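Using the sequences and the hints, build the whole thing.
Residue numbers (my numbering), protein chains in the order written: chain E, 1 to 30; chain Y, 1001 to 1438.
For the record, the hints were derived by calculation from the structure and aren't laboratory data.
All of these numbers come straight from a predicted model, not from anything done at the bench.
For glycine and all other residues, C-beta sits at the position ideal for the given N, C-alpha and C.
Heads up, a few of these hints could be off.
In silico lysine to any residue, SDA-like type, Cα no more than 25 Å apart, as pairs [stated by the list, open to error]:
1. Y/1179 to Y/1024
2. Y/1080 to E/14
3. Y/1080 to E/26
4. Y/1080 to E/16
5. Y/1080 to E/19
6. Y/1080 to E/10
7. Y/1179 to E/23
8. Y/1080 to E/22
9. Y/1080 to E/18
10. Y/1388 to Y/1348
11. Y/1138 to E/7
12. Y/1179 to E/20
Some chain E residues close to chain Y (C-beta under 8 Å, calculated; not the full set) [what the hints assert, rightly or not]:
13. 7
14. 9
15. 13
16. 14
17. 16
18. 19
19. 22
20. 25
21. 28
22. 30
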Amino acid sequence: MLHLYSRYLALAISMILLIASAVVAAWRSI
Amino acid sequence: MKYSLAQSICWILTFLALALVPLGVGMAGSLPPGRDFGVEFGVMLGFLGLAVLSLQCVISGRFNWFGAGFGFDNLLEFHKLIGIFALILVLAHPAMLIAANPVFIAYFDPRENAPRAITLSLVTIGIVVLVATSLWRKFFKLSYEAWRALHGVLTLGIIFFGLGHVVMVDHYGEPLWKKAAFVLFTGAAMYLVVHSRVVRPWLMKRKPYTIIEVREEPNNATTLVLEPVGHPGMKHRAGQFLWITLGKSPFSMQQHPYSIASSPQNPKIELTIKDLGDFSRSVRDLAPGTPAWLEGPYGCFYHDPGTAKGAVLVAGGVGITPVMSILRAARDRRDPQPYILFFGNTAWTDVIFREEIEAMRAHMNLKVVHCLTAPPPDWPGEQGYITKDVMDRHLPNDIENYAYFICGPRPLLDLVEQDLRARGVPAASIHTERFDMV
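Have a look at this one:
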């Protein structure tokens, strides 16, 4: 059932991880 | 096991949490003074890259304890896309650092620190080769076996040297327990590669099979009948698939996935393989008595009769194999449920299992809709592809009460799945299996 959504899921997970890293980097650079 | 929405969300959250473990470890305990955002973001991308690469070993390792309910073809699609993301992270890591502060270019300079520069260069080149050879294997004229060997070696090398890079740079590696945590995380990932490539074949060695019959089928397909040697065989569910290795040793790079066509009630395993490449072409020349090694069963493409009123099966060409297993199982257990089979082929002479499917209709509640794109002149059945109109003519009124199984080429899967979703069939009732996943 997921094969249509695999690419969107991968994209969403990638974006969440990127945002999380950016947040940590922003916290470290304060 | 198939996943509910709640279970799927749990798995996605688990993946996200694991991907953030090295970053979390780096940020735990006492920390060095902070730097510019660009520099810190570059470092975080590096941590993330190492974590995502390590997790690739779990996703692609065919572990029934990780995400099996998504279906391995979906997991492999996800693996491919996340691999591209890992490549972007690993390349963006030095690019971001150098853009934020050009002094970081010295990390690539062997005159400054040879081991650090060599590991960094190896990881960078390695991941480019890893992703490029996976996306364009045929362009590079790599055989499947050579690619598989290269894929394993590069994965191990990149994670190992990536760990070396983290330890050598050592900005977020103090105190010692943090380094130990990095080693543990990446070491576990590397073990999983070794497990799937070495430990698993070694375990398979205890359960050999032999080919007892090689049968020609229509449409350039061949059925291999395999019998367990000295053990009771494999317990599978109708519709699942396995990986087969032929020859005297299970430690071969030549391992291919095929759906099981036989019924679980049959102690022998039957695989029907269409000539689609070098390996599948060679199976017709196999002699009875050839040793074989089977890894599996895998997949969640199976029908649980208790969960639906009946099953609608949609198959294109050799995509009939897992569907045939479902039908044979239903016939063998005298299942009274209604089954509707849509079977797409080019010509009537291409229809694999034609006679057996016809014979099944006498023993079970089975409606068969053959769709031919090149039918004979007096063909009374459906013509062309399995389209929305064809489905309209033959689907029952209470479509939401049925389970759906679609196996065939990608355009067929996409078309039928989208059509069923548009008709209001719940996503959880639609099962798909792609046979071109590797």
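Structure-based check of each hint:
no.	hint	result
1	Y/1179 to Y/1024	holds, 13 Å
2	Y/1080 to E/14	holds, 13 Å
3	Y/1080 to E/26	violated, 30 Å
4	Y/1080 to E/16	holds, 18 Å
5	Y/1080 to E/19	holds, 21 Å
6	Y/1080 to E/10	holds, 9 Å
7	Y/1179 to E/23	holds, 23 Å
8	Y/1080 to E/22	holds, 24 Å
9	Y/1080 to E/18	holds, 18 Å
10	Y/1388 to Y/1348	holds, 21 Å
11	Y/1138 to E/7	holds, 22 Å
12	Y/1179 to E/20	holds, 22 Å
13	7	holds, 6 Å
14	9	holds, 6 Å
15	13	holds, 6 Å
16	14	holds, 4 Å
17	16	holds, 6 Å
18	19	violated, 11 Å
19	22	holds, 6 Å
20	25	holds, 4 Å
21	28	holds, 4 Å
22	30	holds, 7 Å
Checked against the numbered hints listed earlier, the structure breaks hints 3, 18; every other hint is satisfied.
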